[in-house]
Amino acid sequence: MTDFYSSAWRRTVAMLALALPPLAGAQCSRDIQVPVSAIGASVVVNGATIGGIYPDLLRSMGAKLGCNFIFTAVPRARLEAMFETGKADMLIPASSTLRRDQHGLFIPMLGSRPLLISLQGARAPINTMQELIERRELRVALVRGYDYGAPYQALAKELSSQGRLFYEVDALSVARLMQSGFIDATIMSPTILAGVAQNDARVYGLADRLRLEALPELPWGMSGVYLSRKSLTPEDQATLRELLDKAGRSGSVMEGFQRHHRQELLSLSIRPR
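Using numbering that gives the first Met the number 0, the first residue of the sequence shown is number 0, and each one after it goes up by one.
In case anyone wonders, no lab produced these hints; they're calculated from the structure.
All values reported here derive from a predicted model rather than from experimental measurement.
Hints may contain errors.
[What the hints assert, rightly or not] Listed next, with one range per pair, are the computed distances between beta-carbon atoms:
1. Asp207 / Arg77: 28 to 34 Å
2. Phe181 / Gly85: 35 to 41 Å
3. Gln119 / Gly250: 40 to 46 Å
4. Gly180 / Ser160: 33 to 39 Å
5. Gln129 / Val168: 37 to 43 Å
For each residue, glycine too, the CB sits at the ideal point set by N, CA and C.
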């Protein structure tokens with residue numbers, strides 16, 4: 000298990016929160032409801048305990064600025080549905096997409112991109128989505144509820160029509176299928192898959208065997224936080240937006256990733272805002 004709950008990490012987050020200048024009149028009018036699902040180092044769910052880069056940062060900043068965040072664990076697909084129907088005040092973390100923009104206000108925290116992930120081996124490289132579509136012998140698993148935009152959704156639809164696509168509830172389920180050899184590849188940020196591999200003995204060591212390939216149809220974009228337009232008052236939206244924007248500019252989220260992943264992995268998929 001990595002040291003998400005170590006005193007050193009908590010001190011670092013607290014110091015970053017204290018270093019931020021006070022927000023003008025910042026205080027949330029009520030508890031902020033934040034359903035989450037486990038997603039690498041960003042959100043770690045360990046039984047009833049929820050931590051990770053984003054929850055730890057929000058708790059520390061919220062304690063100083065008068066905003067109380069209530070975290071509950073749900074599957075990712077349910078989280079997306081809750082956000083769209085106004086039953087979740089925030090969606091963390093999330094890539095920026097047109098569909099999500101209809102329901103929330105996006106605050107960028109990091110630059111990111113998903114990659115085609117498989118295990119190291121002798122197969123020929125895959126350079127485009129079309130090549131993946133044509134490689135009909137390769138089975139692919141995706142996490143239900145993940146969304147990296149229109150090309151990703153179009154690829155999923157085509158792979159599904161070919162009978163090669165398996166949807167799973169979370170990244171750990173994908174990692175276990177990959178470890179067993181049942182599937183050949185997935186698409187997500189490699190920090191997500193590496194994160195679950197570091198935190199679960201059933202797939203321990205998987206992170207050291209990953210083969211990462213960038214696809215031009217899935218370029219660099221932004222990852223961050225969505226605030227609900229449906230459930231939050233304009234005042235609470237403004238307070239949280241200012242809080243998150245300052246956190247994004249502070250580099251604290253990037254520092255969190257640097258603490259838990261080797262630089263070679265980050266350079267391919269994560270970069271400062």
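Tested hints:
Evaluation of the 28 to 34 Å hint for Asp207 and Arg77 yields a pass: the beta carbon distance comes to about 32 Å. Roughly 37 Å separates the CB atoms of Phe181 and Gly85, a value that falls within the hinted 35 to 41 Å. Our hint of 40 to 46 Å for Gln119 and Gly250 is violated, since their Cβ atoms are close to 32 Å apart. Between Gly180 and Ser160 the C-beta distance comes to about 24 Å, which lies outside the given range of 33 to 39 Å.
Roughly 29 Å separates the CB atoms of Gln129 and Val168, a value that falls outside the hinted 37 to 43 Å.
Figure legend: structure checked against the earlier numbered hints; hints not met, in rising order: 3, 4, 5.
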